[in-house]
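Chains as they are written, first to last, in this note's numbering: chain A, 87 to 444; chain B, 9 to 115.
Worth flagging that the hints you see were computed from the coordinates, not collected in a lab.
Hints may be right or wrong, so weigh each one.
In the DSS-like style, the derived pairs of lysine-lysine whose C-alpha atoms are separated by at most 30 Å in a straight line are [unchecked claim]: (1) A:K183 / A:K172; (2) A:K429 / A:K405; (3) A:K408 / A:K429; (4) A:K300 / A:K408; (5) A:K246 / A:K183; (6) B:K114 / A:K405; (7) A:K246 / A:K163; (8) A:K163 / A:K300; (9) B:K19 / B:K114; (10) A:K429 / B:K114; (11) B:K114 / A:K320; (12) A:K183 / A:K300; (13) B:K19 / A:K405; (14) B:K114 / A:K246; (15) A:K408 / A:K183; (16) B:K19 / A:K246; (17) A:K320 / A:K405; (18) A:K320 / A:K408.
On the chain B side, residues computed to face chain A include the following (Cβ under 7 Å) [to be verified]: (19) G23; (20) F24; (21) I33; (22) Q37; (23) P40; (24) D70; (25) K114.
The following label-pair restraints were derived from C-beta to C-beta distances [unchecked claim]: (26) A:S185 / B:E42: 49 to 59 Å; (27) A:A235 / B:G81: 12 to 22 Å; (28) A:D341 / B:Q37: 23 to 33 Å; (29) B:Q12 / A:Q156: 29 to 39 Å.
We treat Cβ as the ideally placed atom computed from N, Cα and C, and that holds for glycine.
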Amino acid sequence: MCGHDPLRCILPPGILHKLAQHEDKSVRTAALDTLALDTRFRVARAEAAARRGGRTARPVTFARVGGSPQRTIYDQKHSTSQTPGKVVRSEGQSAVKDSAANQAYDGLGYTYDYYWSVFMRDSIDGQGLPLLGCIHFGRNYDNAFWDNAGHMFFGDGDGKMLTQTTAGIDVIGHELTHGVTQHEANLEYSGQSGALNESISDVGGIQVKQMALKQTAATSDWLIGADIVGSALKPALRSMMNPGTANDYDDQPADMDGYVQGGDVHTNSGIPNRAFAVTATTLGGNSWDAAGPIWYSTLCDPHLTSSAGFSAFARLTVKHAKQMYGSTSTEAHAVTTGWEAVKVPLRGRIATADVVSA
Amino acid sequence: MAPQHARIHLKRSGGFAGIHTEAVIDTAQIDPHEAEGILAGLDAADLEALAHRPPARPGPPDTFRYALDVERGSATHHIALSEADVPPALEPVITALQARAHPVRKH
């Protein structure tokens, strides 16, 4: 029972928002008080999540063998609460009626399979972290995000800018790769390290999609978000091969000549995105044959600091390519070609832009 | 007694898409019932305190950030919020604005 005030019990935020506009002032006040409590929980959770991350945060488990995901899909029923909603599909269960639930389940599986089959990484944290997908988040919510606390949230879109975000295999790969980054270099989400964080997620996301759809570097369209854009943003959100050409609002630079000082992390990420696409297509075959492992081993290198800029990351990719394939190898040359194509310096002093944090 | 109408401008950034959107509402020019809900939200939120808070730290990757400008009578408040920091009183305000939002170029 809820006591004397019916609003003090657990009500979905959607109902509380309606009650917050109720004609009776006492009902409005009670609803706003209850929503304030919910918000304080959410802020506390976000702050706690922001403090997590990095290599030292990795737990050690002993019983798990790995090789299979542990997925659970929750229906948020258009609430913006970040507490998982009703379970609609669990690991091993057959498909359900809701296409969003099945797309989320499959996308989480494709992402797990990519990280396991290429790197033998057992889920996001390398320790079998369960993959929890929360679908139908909010109303007309134009977004999908990883909350740094083990959950991926999917909006249904407004139909004009974005559509059902679960349909994007690259979107799911992108978001879960934010989780991988959180557990490895934990790149700060601003300036060049933030753009690298974004780019590494696009690099992961496109490979997950290419592997799921059996696309090579040559047959991939290198587009991000092509399956979730509405009419206002067609044909895609970003082009890794040709940054700045994906839609009418795409402002990504294709090389350092167009670097935007103080730019959004989703803007300057076009530069390292193109370096990867050029590297992978220069090598041919599958992106995960060599280019993907070089980028991944760089992400996992303890020398990659959380505030690393483009040049520091680029130099480490060259170092890893040489260590993995030989200093005069085709792979090392392709990586150099990739960074040269976007004019990120690999020698000499680190450029000013490399240490600017915003 | 606060003036009975407000002009509100919202700019949203961040999100997986990385697309910025903008919207403007003048509560004198929209459905009175909707305007009442928006004004109630503004009344319930402490705009003065929100406008003077230190800048919010970035939230988790791909979450939204909001820049809200509220003009009401002679008072103007500029409020910057991350998605997780939006006070409940302002959620209906942002929802109403976002329903009218359109994408814009960033630079």
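(request) Would you pick out the hints that fail for this structure and give their numbers low to high? (result) 6, 8, 13, 15, 17, 18, 21, 22, 23, 26, 27, 28 and 29
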